[in-house]
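Use the sequences and the hints to build the structure in full.
Listed below are the residues making up each chain.
Protein chains: 2
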Amino acid sequence: MLEAIGESMILRHLLLPDILDLVEAGRLNDVREFLAAQPAPEIAELLTALEDRERVLLFRLLNRHLAGEVFSLLETPAQDLLLKNMAQEEVRQVIADLSPDDRTALFEELPAQVTKGLLSLLSDDERKRALTLLSYPDESVGRLMTDRYVTIDPQWTAAQALDHLRAVGTDSETLTMTYVVDAKGRLTDELRLRKLILAQPDTPISKLLDGHFAALRSLQDREEAVQAFQKYDLFALPVLDADGVLLGIVTADDILDVAEEEATEDFHKLATVSPLQMNFKEASLGLLYRKRIGWLAGLVVMSTFTGLGIKLFEDAISAVVALVFFLPLLIDSSGNAGSQASTLIVRAMATGDISHGDWRKLFWREVGVSAAMSLTLAFISFFLAWAMGGLQVAFVVSLSMFAVVLVGNLTGTILPVILDKLEFDPATASTPLITTIADVLGVLIYFSIATLILQI
Amino acid sequence: MLEAIGESMILRHLLLPDILDLVEAGRLNDVREFLAAQPAPEIAELLTALEDRERVLLFRLLNRHLAGEVFSLLETPAQDLLLKNMAQEEVRQVIADLSPDDRTALFEELPAQVTKGLLSLLSDDERKRALTLLSYPDESVGRLMTDRYVTIDPQWTAAQALDHLRAVGTDSETLTMTYVVDAKGRLTDELRLRKLILAQPDTPISKLLDGHFAALRSLQDREEAVQAFQKYDLFALPVLDADGVLLGIVTADDILDVAEEEATEDFHKLATVSPLQMNFKEASLGLLYRKRIGWLAGLVVMSTFTGLGIKLFEDAISAVVALVFFLPLLIDSSGNAGSQASTLIVRAMATGDISHGDWRKLFWREVGVSAAMSLTLAFISFFLAWAMGGLQVAFVVSLSMFAVVLVGNLTGTILPVILDKLEFDPATASTPLITTIADVLGVLIYFSIATLILQI
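Top to bottom, those sequences are chains A and B.
If you read the first sequence in the numbering used here, its first letter stands for residue 1, the second for the next number, and so on.
If you read the second sequence in the numbering used here, its first letter stands for residue 457, the second for the next number, and so on.
Simulated from the structure, these hints should not be mistaken for laboratory data.
Incorrect hints may have been included.
[Claimed, not checked] Calculated cross-link-like contacts (lysine-lysine; reagent style PhoX-like; alpha-carbon spacing at most 25 Å):
#1 A:Lys361 with B:Lys687
#2 A:Lys231 with B:Lys663
#3 A:Lys281 with B:Lys877
#4 B:Lys663 with A:Lys291
#5 A:Lys311 with B:Lys663
#6 B:Lys640 with A:Lys421
#7 B:Lys877 with A:Lys361
#8 B:Lys817 with B:Lys877
#9 B:Lys640 with A:Lys281
#10 B:Lys747 with A:Lys195
#11 B:Lys687 with A:Lys231
#12 B:Lys663 with B:Lys640
#13 A:Lys281 with B:Lys817
[To be verified] To give an idea of the chain A side of the interface with chain B (calculated C-beta under 7 Å), a few residues:
#14 Leu175
#15 Leu208
#16 His212
#17 Leu329
#18 Asp332
#19 Pro432
[As the list claims (entries may be wrong)] According to the in silico footprint, chain B covers these stretches of chain A (three or more CB under 8 Å from chain B):
#20 227-237
#21 294-308
#22 357-370
#23 381-388
By construction, the Cβ of each residue, glycine as well, lies at the ideal position given by its N, Cα and C atoms.
Rendered as structure tokens:
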């Protein structure tokens, strides 16, 4: 018996040394037998925990059927390693056994040269299928499709349809849904397997159809596919071209992966890390450096403007050095409030909770929230500044706090919308961009208020 | 024909005025008929777009079967509104028609008093089921369960099992998987519906079983359920108690919602927004204020330490005011690098990409990345500072940049691990916490280096 996560990890750690002992002792047949009795997800997890040399060795001990399934569950770097260490015929078999959507995922992540080599190993038919799927744009619904689905004829009875499934269905990716197409291949309806089974055997299919179905377009963004799956609560959605012709299906298990990848990408972008497109643990030092240094360096250059802003008020600072004590306090609060606002909006945009029509209403609500927060923070900072710098400085700091938190917050509200209108991803670096903008504005507001009130 | 997202929105906007016209004209029977022909997800989207009064009116025109399905697709505030505006008997019907997992989700989000009232409307049996599900801890797998699944007997043939499904299956949440339990109710195996269908009718069920299954525990955290679904690529997973007794199943469509909610929670926590637990668009001004002000105010107080740090170096600042120009540049870079590091780690922990055993290896890689980034930024800032403040200041700024980016980065690496060891959620406020810590350390490092080099 198997348990998911947590307990299966314990299982694995207990087994790992035993297997390695068997390998050491050269009892490869025992290992082969042991592995054949394990389910694919457990073997994939086991292989991931091994060193390169042992990973290749163990993978080659899997029988053909299991090898394909395990391979499809591994991360791209592990897949790449295995491909490099297998004979051409072994590679051909593994690639041929992958389902079309897993194959597309592999091909799009490998270097172009390697993909080309792998494509040449496929049969003409399989190569054509692979190239068709690869021809859809990156991150489009088309890339997630599999063409392993079953169509049924509305003229059949439920029993005939089930016989048909028995005859052709072994290869299909999911059998929770069957599809009805017309002579031109256009989707006209879909039928849940559940309905088919629950129907009396002699019921005509046409009686079970309702003419309603939800579908995706092959060129839609894959984020929209996630939202569609959430809305319709289905396990598979059909994919159509512009003429309504059924091209393939997308299944819920792939959508869960897409949802996680998209969220991870947004997390990284918000913190100015360029998308890694691989497991964080597997990323090399050099890759991490390249993905992180760009925005950091750019922000350093942008921060120069904050420095120039401060330079404008050199004399005021010389006169009242105590003003500097409160500089980080003010610009940080402004930046923090702005990050809150932008994160709320960026995430709500990504999940489809808000759309373009909502801006105006959201803006005015945000003005209200900002005002309430600015007042609260102004109140708190008045007492902190009073204790550290006297009553006059307290007035300056408190008034500045009100202004900079308001400005920072509204910057955080507006920036994602502007990025979106300019057709950038609103998640792009918005937190540090807002911090930097809030810095410049904060410095100007703070020292202007100080010069006015303190007459310096 | 229906299309998902994007196009369905257009469809809706075209229909909305027509429906409202019919309502105005008092042609409620026509509206009733029109709605009866629409699928539930479309009606739910339509209701969401309406004003309160119209929403209640239209909902009451739905037939009973549709009403239950539409209700389960609405957000909690909309559900609450409808419940308040229905007669007791109507409420009873809607609640009774919900599937157990949807009912749990509704009950746990409504105020306790309302939930109590609704529970009293259920039949004794249904109330007992509801209370059992509600007795599982918040965010546990138990809360996601439905007890609508089908068990089969290994002694049956495939045809007998299919007959059994036909007899009892209409009410089951998912029919992609059937389960085999022993006399004590312990799960002994699972069988995909697909295998059952593809088998010859006279095949005994026992021949189709393989003794392998993956299962969740009712008390596991729901985040672990998401990871299990990703690992096993299944549409449903069984849930067991400590003795292995089958309690219910969790389906992939709910898991997609959980994955999105958990990611949204982490986004918000990273930006110091307390979990909203509702649609951002529906949140009131007061709620948003309460969810955001706590951490902002706390960080203002913490920032006082930065101010005190600067105060230590009052004389140095008076002597060389130009030092202040570079203060935001340095502390921002330190904070930005730290946020990058912590976001990478927090997200990798949430997705299960890294586990406790990986810390040591990751730490040393991060030291390497930090060193490379610090050197690069020190190099860039040298020239910026040279242009703005002369060669001596450039040395101070450049050296400080190297030190503060290194320190900020390592703080960002270590803080999530410490939060995790202290059993806090590592996502909690880590970005602004790191900014604040980086500020204090940055100020001390920068002005110490300045005092030493410039001899002030």
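Given coverage of the stretch 357-370 of chain A by chain B, checked by CB-CB distance under 8 Å (3 or more)
holds (count 5)
Is A:Lys281 within 25 Å of B:Lys817, Cα to Cα?
Answer holds: A:Lys281 to B:Lys817 is near 9 Å, not above 25 Å.
Given hint A:Lys421 paired with B:Lys640 - CA-CA distance at most 25 Å:
With Cα atoms ~61 Å apart, B:Lys640 and A:Lys421 exceed 25 Å; violated.
Distance restraint between B:Lys817 and B:Lys877, which requires alpha-carbon spacing of 25 Å or less:
holds, 17 Å
Taken at face value, is the distance from the CA of A:Lys361 to the CA of B:Lys877 at most 25 Å?
Roughly 42 Å between the alpha carbons, so the hint for B:Lys877 and A:Lys361 is violated.
With a C-beta cutoff of 8 Å, work out whether three or more residues of the stretch 381-388 of chain A approach chain B closely enough for the coverage to hold.
Held - the stretch 381-388 of chain A has 3 residues with a Cβ nearer than 8 Å to chain B, which meets the minimum of three.
Taking only the CA atoms, is the gap from B:Lys640 to A:Lys281 under or equal to 25 Å?
violated, 43 Å
Between A:Lys361 and B:Lys687, is the straight-line Cα distance small enough, at 25 Å or below?
Violated: A:Lys361 and B:Lys687 sit about 41 Å apart, past 25 Å.
Restraint status (C-alpha distance of B:Lys687 to A:Lys231 at most 25 Å):
Judged against 25 Å, a Cα distance of about 23 Å means the pair holds.
8 Å C-beta criterion, at least three residues: is the stretch 294-308 of chain A covered by chain B
Held - the stretch 294-308 of chain A has 11 residues with a Cβ nearer than 8 Å to chain B, which meets the minimum of three.
Tell me if chain B covers the stretch 227-237 of chain A under the three-residue, 8 Å CB rule, please?
Our answer is that it holds, as 10 residues pass the Cβ test (under 8 Å) against chain B, meeting three.
A closest beta-carbon separation below 7 Å is what the hint needs, so does A:His212 meet it against chain B?
holds, 5 Å
The structure is inconsistent with the numbered hints 1, 2, 4, 5, 6, 7, 9, 10 and 15, although it conforms to all the rest.
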